[in-house]
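K.L.:
Following the hints, put chain Z in place on chain H, whose structure we already have.
2 protein chains.
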Amino acid sequence: MKHIQTVKPLKLQDVHIQDTFWSEYIELVRDVVVPYQWEALNDRVPDAEPSHAIRNFQIAAGETEGEFYGMVFQDSDVAKWLEAVGYLLETKPDPELERVADEVVDLIARAQRSDGYINTFYTLKEPGKEWTNLCECHELYCAGHLIEAAVAYYHATGKTKILDVACRFADYIDSVFGPEPGKIQGYDGHQEIELALMKLYHATGKKSYLQLTRFFLEERGKEPNFFQLEYEKRGKTHHWPTLDMIADRAYNQSHLPIREQDSAEGHAVRLVYMAAGIADVAAETEDQGLLEACRKLWKNIVTRRLYITGGIGSMAHGEAFSLDYDLPNDTVYAETCASIGLIFFAHRMLQIEAKSEYADVLERALYNTVVAGMAKDGKHFFYVNPLEVWPDACGKNHIYDHVKPVRQGWFGCACCPPNVARLLASLGQYIYSVNSRTVYTHLYVGGKANISMDGSNVTIGQRTNFPWEGEVTLEIETESPASFTLALRLPSWSDGAEISVNGQKLDITGSIVDGYARIDREWKSGDQIRLTLSMPVLRMKGHPLLRSTIGKTALQRGPFVYCLEEADNGKHLHQIKLPRDSQPEAAFEPHLLGGMNVIRLAAERIAADDWGMELYKANQSEYTRPFQATFIPYYAWANRGVGEMTVWVKE
Amino acid sequence: MKHIQTVKPLKLQDVHIQDTFWSEYIELVRDVVVPYQWEALNDRVPDAEPSHAIRNFQIAAGETEGEFYGMVFQDSDVAKWLEAVGYLLETKPDPELERVADEVVDLIARAQRSDGYINTFYTLKEPGKEWTNLCECHELYCAGHLIEAAVAYYHATGKTKILDVACRFADYIDSVFGPEPGKIQGYDGHQEIELALMKLYHATGKKSYLQLTRFFLEERGKEPNFFQLEYEKRGKTHHWPTLDMIADRAYNQSHLPIREQDSAEGHAVRLVYMAAGIADVAAETEDQGLLEACRKLWKNIVTRRLYITGGIGSMAHGEAFSLDYDLPNDTVYAETCASIGLIFFAHRMLQIEAKSEYADVLERALYNTVVAGMAKDGKHFFYVNPLEVWPDACGKNHIYDHVKPVRQGWFGCACCPPNVARLLASLGQYIYSVNSRTVYTHLYVGGKANISMDGSNVTIGQRTNFPWEGEVTLEIETESPASFTLALRLPSWSDGAEISVNGQKLDITGSIVDGYARIDREWKSGDQIRLTLSMPVLRMKGHPLLRSTIGKTALQRGPFVYCLEEADNGKHLHQIKLPRDSQPEAAFEPHLLGGMNVIRLAAERIAADDWGMELYKANQSEYTRPFQATFIPYYAWANRGVGEMTVWVKE
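Same order as they appear, the protein sequences are chains H and Z. So that you can map any letter, position 151 of the first sequence is 151 in the UniProt record's numbering, and since no number is skipped, the others follow by simple counting. So that you can map any letter, position 511 of the second sequence is 511 in the UniProt record's numbering, and since no number is skipped, the others follow by simple counting.
Hint data in this document are derived by calculation from the structure and do not stem from the laboratory. Treat the hints loosely; a few may be bogus.
Treat identical chains as interchangeable: a pair holds within one or across any two.
[Claimed, not checked] Listed next, the in silico DSS-like pairs over lysine-lysine satisfying Cα-Cα at most 30 Å (straight line):
hint, residue 1, residue 2
1, Lys299, Lys92
2, Lys8, Lys159
3, Lys396, Lys299
4, Lys296, Lys617
5, Lys236, Lys183
6, Lys505, Lys524
7, Lys299, Lys183
8, Lys617, Lys355
9, Lys650, Lys617
10, Lys222, Lys396
11, Lys571, Lys296
12, Lys396, Lys236
For clarity, every value in this text was computed on a predicted model and none was experimentally measured.
Next up, chain H with everything else stripped away, as it sits in the complex:
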């Protein structure tokens, strides 16, 4: 077995973000999203559907009367909130928030059964039926989110109470599941426990959590199919009668053992959560076969099933992948959570092999689909992220029933908003990786990071107007000179990078490995590295097998994919064509939606006014009028009322 090299991300507490683009979002999570979610969890948001999530725990703890209400996975909303709080506290103390979170921790602890079990749906609604419908009822999924929250909160506060709760729960799960006779040889319909247990393993060092994760992963997809067996055992009842989760095995990736899964099938969030878990175990156990499984799924996604916006999941049915090269722009699903899961997967792969292709995809998902998922008020969210919207057709043609032309307040199934919150609150984890000899810079985000290298405490500062401009200044502070390699990612969207150290330009030609420019030297305080990434407007083309992009182009500059909106370009965006030789120009508009680069270029518009009434005409020559097209970054779409939008434009 070949040794798997890994690097590690920095601890969140060691990364301080102060960034042109991201600081505002992170403060939004702190000041608006998390407080708002807290109100929502407590059913105090007027006009919103009640969450009942806190109340479910209170009832389960025997402290109030009532019945369970909500989705079968309602508990996970509390856990995701607590996890986000953990990340926020880890980066900035907030005694009042911590007091509230401590109360939630206490509540969860009180709702825990003496055997360690926690799940308010089963405790309140179906006692005695625990572990009888893993396929549909998210029991281990909820456990996973609780464990992730526990680890985050423990890291942030050093308090062990919730970690103990999580360990007791995990130990109980370990007593229920496993290869031994008398245990359940099964796994959850929605992967999540896997990556959570790996975090718990890393936090506690307890080997049984690693073993249990491996069991869940390796058991998946074996014959006879576990979900079929438990379905028959429980008397063929369904929790979600309209979705056939049992017959459609690819939906929950139970159609094949994970090592035999060559393509990304089924529910997109589940697939990428699973892949993240496999990557965790591969890194930890140095299992090349598991790593190979990750690489196969990765390759299939990024070369055949990934939207240019970093979205995945081509169809609403099953919130799922469909088939290779099937990426419709309008009926797409591209759930925000799925892109977050893709980031989890990419981030883990990046720790196993520091290749910039992983960071490229991570960045693509982050700067486009994920940020697009949340409005700048922190209270409105996209669950589905289309690349083309014709609002008139939404609600009229039912193939668009899942597509909303504006962000929505809160969802009956509220998975995306807290997922965005926990990702943004933990953004600091994604910027750097280190091993004993190298500091990798994956993302260019202003701020400072504290790193222990070569026996010294080193601080690396980034100053940049990225993502609007491609210049980044990195500054080193160190107790004493330290020798290490600084590996700077050269993103694929840049066609030229220059690096100078203390004013002296480096020849980086021979020092680029896997998309990172490696600068190996002894660093001392005050060393200044200047990275200049060219940031041209790219005219992107899709693979010729993509039916939805052929003959079209999309604009990208830096990490941002751009789109046309009706607000800038009028109705009927399908009539706009971009001449091949038209020169796009980027310009910063400080007053537009908080400031952003727009791209303008001379375009053409197919003339419609003198066509007349006929629906079809013979031998009609199509003529166009000159038109100035204005593109804005995709993430900012749908902030100026209801209107058309498209990423791909005819060429």
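P.N.:
Okay, now just chain Z, sitting in the frame of chain H:
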């Protein structure tokens, strides 16, 4: 009230078809479809889902034991079969077929209740619940088909037994429905009784049938909504729980009174059946308001909601219209029955105002969607008629769940096959119209028609290789010279027509009215009219507001719309582009699927082989290779195995 001029179609028995294109289809209906359907109705087709339709009648007649089986409208399959048999017998005697049909007539008569009621679903399955769920249960729809069958069979055979059955049923319905107190002020969820009662009125002259039709039409859409009222009255039960037929009032066109319906909404078949019924009453009663209602719906369909193939209904959900200019090629529904209904509507409008635009649409639907609906084995049918198919995605991306890439054997809901049969068996009705002074020729179909004009028995013969060539020779035979106008339709797909009489070219410039060239003279036996319609290959463009056709072109020649198939052009049809100046050439291929014109032209194919693995690339120039594209008529698609197909091609 302005007088509404009407012409009348010829009786079927007066038209004898002997045509290059259609004779084969009509013989197919006679020799295969109708016998095969008879076997199906009697559950004698191996491997097919049982119909049980005949058996339901036998049980209802008390002649055998058993339970009702099938759709709530299963009876209509028997009726449509009998109607088709009527048309076949009217054009060609067949004693054995007539004997079988007489037995069916006897069976229906024996299943009729003493009060006149006939419906095996209610009689067998829900006795006592008659007329409690008009919205969902097709009770009057089935009655309508029975009445249509009765009229057809009566016209064919002169036998009154089934006509009496129908009249007793209609009289009973008249005793149940109407404006009078104690009667039901309602109407059916699926329009059909309206046009059926009008046929019965014309066959019997009984005014009450006209009045009842008018009542059904005018009652529709009044407030409070009848379907809501009956829903509450019956205790809010559903027959089709998954379709919300009660809440979605536009689905069954009960959202507005018919005179206020400005656009074609809801289930497409219901809309055009309703429109046909309105046109019938408008013609009969000279009600300009009703005619205006027809014109509004017609205009909305043909200028905003009609596929170039004559298909209607843009979405699978509700088999329905969606919104103006929304005509997706791949997720389209375009049910075969809907195009048949559109032909009914167009044909009625054509009798009210002899304008060639009605015949153009009728011809478009007939030569494309309707013929495409049936395979040349007479045993396989399309229910849904897409304009673009990527078979790999069918079954994988669920937005295509309704789309089949090959014709299917028989359907659980078997409405389309018998509808195709009855239309083709009655094709003779659609060729001519007459009034006292004029003979209109709407379609060019070889054969002979017997017409009484100016006191003489006149025979008009057509000899033509249409639709492959645009030359038609018409020959007059008459007992004695007769003065009348022969009005020859000049189809919109022809950019030039020449007419000569007895070898002498006419100057027709001044004699064209509403798309018909009018030749007014005294005709004598042996007169020969030669019509030469230019039949160029047309490069069709869609209205600039159509998102699905912009930047694309479709080829049409004569009445046929053409398509690209994988069988001729290889996979990945989306990579094919047609240069604007490329000259198409039509050539007859006698051995291809029974003989047809194909169109070939120099095209380009976007090169894909050296692209590599990346899904998206920056600043990649798209280059093409020369390619010879081969188009076949749309009706003939999917006869050479599973493959891609597209009507619209990039330009």
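K.L.:
Compare the structure with each hint and give your call.
P.N.:
Results for each hint:
For a Cα distance limit of 30 Å, the shortest separation of Lys299 from Lys92 qualifies neither inside one copy, at 38 Å, nor across copies, at 65 Å. Taking the closest pair of Cα atoms, Lys8 and Lys159 come within 30 Å of each other only inside a single copy of the chain (23 Å); across copies the shortest separation is 91 Å, beyond that limit. For a Cα distance limit of 30 Å, the shortest separation of Lys396 from Lys299 across copies, 20 Å, qualifies, whereas the shortest one inside one copy, 37 Å, does not. Taking the shortest alpha-carbon separations for Lys296 and Lys617, only the inter-copy value of 21 Å comes in at or below 30 Å, while the best intra-copy value is 49 Å.
Proximity of Lys236 and Lys183 under a CA criterion of 30 Å is satisfied intra-copy only: 21 Å inside one chain copy versus 48 Å between copies. Proximity of Lys505 and Lys524 under a CA criterion of 30 Å is satisfied intra-copy only: 18 Å inside one chain copy versus 101 Å between copies. Taking the closest pair of Cα atoms, Lys299 and Lys183 never come within 30 Å of each other, the shortest separation being 35 Å inside a single copy and 69 Å across copies. For a Cα distance limit of 30 Å, the shortest separation of Lys617 from Lys355 across copies, 18 Å, qualifies, whereas the shortest one inside one copy, 53 Å, does not.
Taking CA atoms no more than 30 Å apart as the test, Lys650 paired with Lys617 passes in both settings, with 21 Å inside one copy and 16 Å between copies. Proximity of Lys222 and Lys396 under a CA criterion of 30 Å is satisfied inter-copy only: 23 Å between copies versus 43 Å inside one chain copy. In this homomeric assembly, Lys571 and Lys296 come within 30 Å of each other (Cα to Cα) only across copies, at 26 Å, whereas the closest approach inside a single copy is 42 Å. Proximity of Lys396 and Lys236 under a CA criterion of 30 Å is satisfied inter-copy only: 26 Å between copies versus 37 Å inside one chain copy.
Of the numbered hints stated above, those contradicted by the structure are hints 1 and 7, listed in ascending order.
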